[in-house]
Amino acid sequence: MILLKEGTRDVRGRALVSYYLFLIRRNKLLMLGMAIVGMLLIVAAFAPWIAPFPGDATGDMNVLVKLTPPGPEYYFGTDNIGRDIFSRVVFGTRKSLLVGIGIVLIALFIGVPLGLVAGYFGGKLDELIMRISDGFLAFPPLLLPIAIGGALGTSMKVNMVAIALAWWPWYVRLLRAQVLITREQLYVTAAKSIGVKDHTIIVRHIISNSISPVIVQASLDLGYAILASASLSFIGIGAKPPVAEWGLMINEARAYFLDFWWTTTFPGIAIFVSVIGFNLLGDGLRDILDPKVR
Amino acid sequence: MTLVLLMVSIITFLLTTIAPSDPAAQWAGTRPTPEQLETARKELGLDKPVYLRYLLYIKNTARGEFGTSIRTRQPIIRDLLGYFPATFELVTLSILISMVVGIPLGIFSAVRRESVPDHLGRLFSLCGVGVPSFWLGMMLQLFAYSMLKTFPIQGRIASEVSFSHPVAIKTGLFLLDTLIQGNWAAFKSAIIHIILPAATMSFACLAFVSRMARSSMIEVMREDYIRTSKAFGVSEQLIRYKYALKNALVPTVTVVGLAYGSLLGGSILVESIFDWPGIGRYVWLSILYNDFPAIMGVTIIFAAMYLLINLIVDLIYAFIDPRVRYSR
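Protein chains in written order, with our numbering: chain A, 1 to 294; chain B, 1001 to 1328.
The hints are simulated quantities; they were obtained by calculation from the structure and are not laboratory data.
Take these hints with a grain of salt, some might be off.
Lysine to aspartate or glutamate pairs mimicking DMTMM-like chemistry, simulated, CA-CA at most 25 Å apart [what the hints assert, rightly or not]:
#, chain 1, residue 1, chain 2, residue 2
1, A, 28, B, 1224
2, B, 1246, B, 1118
3, B, 1149, B, 1160
4, B, 1242, B, 1224
5, B, 1246, B, 1236
6, B, 1246, B, 1314
7, A, 28, B, 1177
8, B, 1242, B, 1038
9, B, 1246, B, 1114
10, B, 1188, B, 1177
11, A, 28, A, 290
12, B, 1230, B, 1114
13, B, 1149, A, 259
14, B, 1059, A, 290
15, B, 1188, B, 1275
16, A, 240, B, 1118
17, A, 28, B, 1118
18, A, 66, A, 259
Chain A regions said to be covered by chain B (calculated; three or more residues, Cβ under 8 Å) [what the hints assert, rightly or not]:
#, stretch
19, 132-138
20, 143-151
21, 224-236
22, 263-270
Note that beta-carbon positions come from the ideal geometry of N, C-alpha and C, so glycine has one too.
One chain only, chain A, in its complex shape (with noise of 0.2 Å):
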């Protein structure tokens, strides 16, 4: 390969990231989806300065001022205790974002390993990785969060592993399904016979080319764990007050939000935007990364 010389390796990198912004760009709603995640990163993490009442989302009372309608000073107006909603919101942002991350991450860290091990190694280990995760699948969604919550107790903590137990068998499917695939290939056939052990393998070939429908559903189930962890704080298994979660927002005005409308209107605008922007994120990345339609 006399071409492959000293330039030509950047060459082909820039080549190859150049092809992968003209996919993106070529893809409005993808797009759309990375504004709105990337303006929801950055609400998050500069929190304190684009709010204008940090304190309200901590634990501020400004009772004189309670229940006004949003105006020029509180944009989203005030709840019951004079909190500001757009400041309580603006953090909201960080707890969800963080809860979100979180459970995606631990469903992975749970999910991934079990599901290649079962797919690459099958027989009675694959049997039994995938009764338990049949078990787990059995539960309507929210449901064994609840039971996890109830039997743990209630805090951001337990919300969070809650889910993460409920959602880990769908990456053992995934990635079971994908290793299934690859693990027939040719180039694992050739590793294998020149005597290539078995988790070089996993981590060189099987890995790499797996993974992609599992990036683009967890990005897709970034959203959903953040109206999942949304659902089971309204419910009360979650962020106690006074901090400032979307659900509990959502909860905690449930007492007035008939005569005043704004308590309760934007945390639910907020989780709303959240999850259009990561399912259009993960929609998009499929675009991309699956050979098929591009």
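Here the structure of chain A is known, so what remains is to put chain B in place on it, guided by the hints.
Positioned in the frame of chain A, the structure of chain B alone reads:
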């Protein structure tokens, strides 16, 4: 299927073992002496090793003895059976709505691909997936209460109507019972009370079902046999609604099983908002009161229902898809 039930029972049993509340202390009552606690432990079989306790747990669950609720002080099974019809009515109606509205929407979208209605439909699907159901319920309540003032925002039936025109309970489903009875006033009240909760619950489901219907219809329309039919001059209408539709419906049916499960979970959120006297609201109150035995009872029941529904869906799937039938 039995293996899965086994796994479910193991998981729920493990949850009961790690729960902080001590069943013996609850059994013995307030301020028990150590001897009473010991007797309580022996009574409940808590001193036996784990695997024996598991067998005892299975035996009790199979018999329907879920224990007594801490909050209502009733046997949990009685609570569950009492509240079940309300939830069943709501969830079933929601599924029906989402199928009746969602499937035609999806098919319509697929047939007119890349047109303005299609894009609108896809936008709607995207929104449906992202909207938190509890928030949507509250928004609908705001809409109904502040602006329209026509739809009630809680309960199953107006209390005045239930006094003046009492419902003769046969199935527990108000819509059916009032029709059977001929109780027109109560029927109207029941319908108007169920509309908002059912709309809330079916919204997310609808979006998902229409997405599935659309993508499976598009896939079917690409198939060779469709092209062949067109080449033979079969009319477009006939192709779409006889050949394509039947095949497109098959994956959509399997989605219904999944949807039922998520609706069971979602009923917890929606019933609490609309004060709908069903199992969902029961769970929500149990969480509020830390009533762990009740939570576990509902978990087992919902998991069993979900498994049953999926089994039925699998059977229906085998029934409508001859390929599955003949491959056995």
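Structure-based check of each hint:
1. Between residue 28/A and residue 1224/B, the direct Cα distance comes to roughly 32 Å. Violation of the 25 Å bound is thereby established for this hinted pair.
2. This hinted pair checks out: residue 1246/B and residue 1118/B have alpha carbons roughly 21 Å apart, not beyond 25 Å.
3. Taking the CA atoms of residue 1149/B and residue 1160/B, the gap is near 18 Å; set against the 25 Å cutoff, the hint holds.
4. For a cut-off of 25 Å, the pair hint linking residue 1242/B to residue 1224/B stands: about 15 Å separates their Cα positions.
5. Under the criterion of a C-alpha separation no larger than 25 Å, the hint pairing residue 1246/B with residue 1236/B is consistent with the structure, at around 15 Å.
6. With a C-alpha separation of about 17 Å, the suggested pair residue 1246/B and residue 1314/B falls inside the 25 Å cut-off, and the hint holds.
7. For a cut-off of 25 Å, the pair hint linking residue 28/A to residue 1177/B is broken: about 52 Å separates their Cα positions.
8. For the proposed pair residue 1242/B and residue 1038/B, the alpha carbon gap of about 70 Å is over 25 Å, so the pair is violated.
9. Restraint check for residue 1246/B and residue 1114/B: the C-alpha separation of about 23 Å stays at or below 25 Å, so the hint holds.
10. For the proposed pair residue 1188/B and residue 1177/B, the alpha carbon gap of about 12 Å is at most 25 Å, so the pair holds.
11. Restraint check for residue 28/A and residue 290/A: satisfied, since their Cα atoms lie roughly 17 Å apart, inside the 25 Å limit.
12. At most 25 Å may separate the alpha-carbon atoms for a hinted pair to count; residue 1230/B and residue 1114/B meet this at roughly 21 Å.
13. With a CA separation close to 13 Å, the supplied pair residue 1149/B and residue 259/A stays within the 25 Å bound.
14. With a C-alpha separation of about 50 Å, the suggested pair residue 1059/B and residue 290/A falls outside the 25 Å cut-off, and the hint is violated.
15. Note on residue 1188/B and residue 1275/B: the hinted pairing holds, with a Cα-Cα distance of about 19 Å set against a maximum of 25 Å.
16. Straight-line distance between C-alpha atoms of residue 240/A and residue 1118/B comes to about 43 Å, which puts the hinted pair past the 25 Å bound.
17. With a CA separation close to 17 Å, the supplied pair residue 28/A and residue 1118/B stays within the 25 Å bound.
18. Taking the CA atoms of residue 66/A and residue 259/A, the gap is about 13 Å. The hint holds against a cut of 25 Å.
19. Only residues whose C-beta sits within less than 8 Å of a C-beta in chain B count toward coverage, and the stretch 132-138 of chain A has 5 of them, enough to reach three; the restraint holds.
20. Against chain B, the stretch 143-151 of chain A contributes 8 residues with a C-beta closer than 8 Å to a partner C-beta. That satisfies the three-residue criterion, and the hint holds.
21. Coverage of the stretch 224-236 of chain A by chain B holds [criterion: at least 3 residues with CB-CB distance below 8 Å; count 6].
22. Figure legend: the stretch 263-270 of chain A, annotated as covered by chain B; annotation consistent (4 residues with Cβ-Cβ distances under 8 Å, at least 3 required).
Hints 1, 7, 8, 14 and 16 from the list above are not met by this structure, while the remaining hints are.
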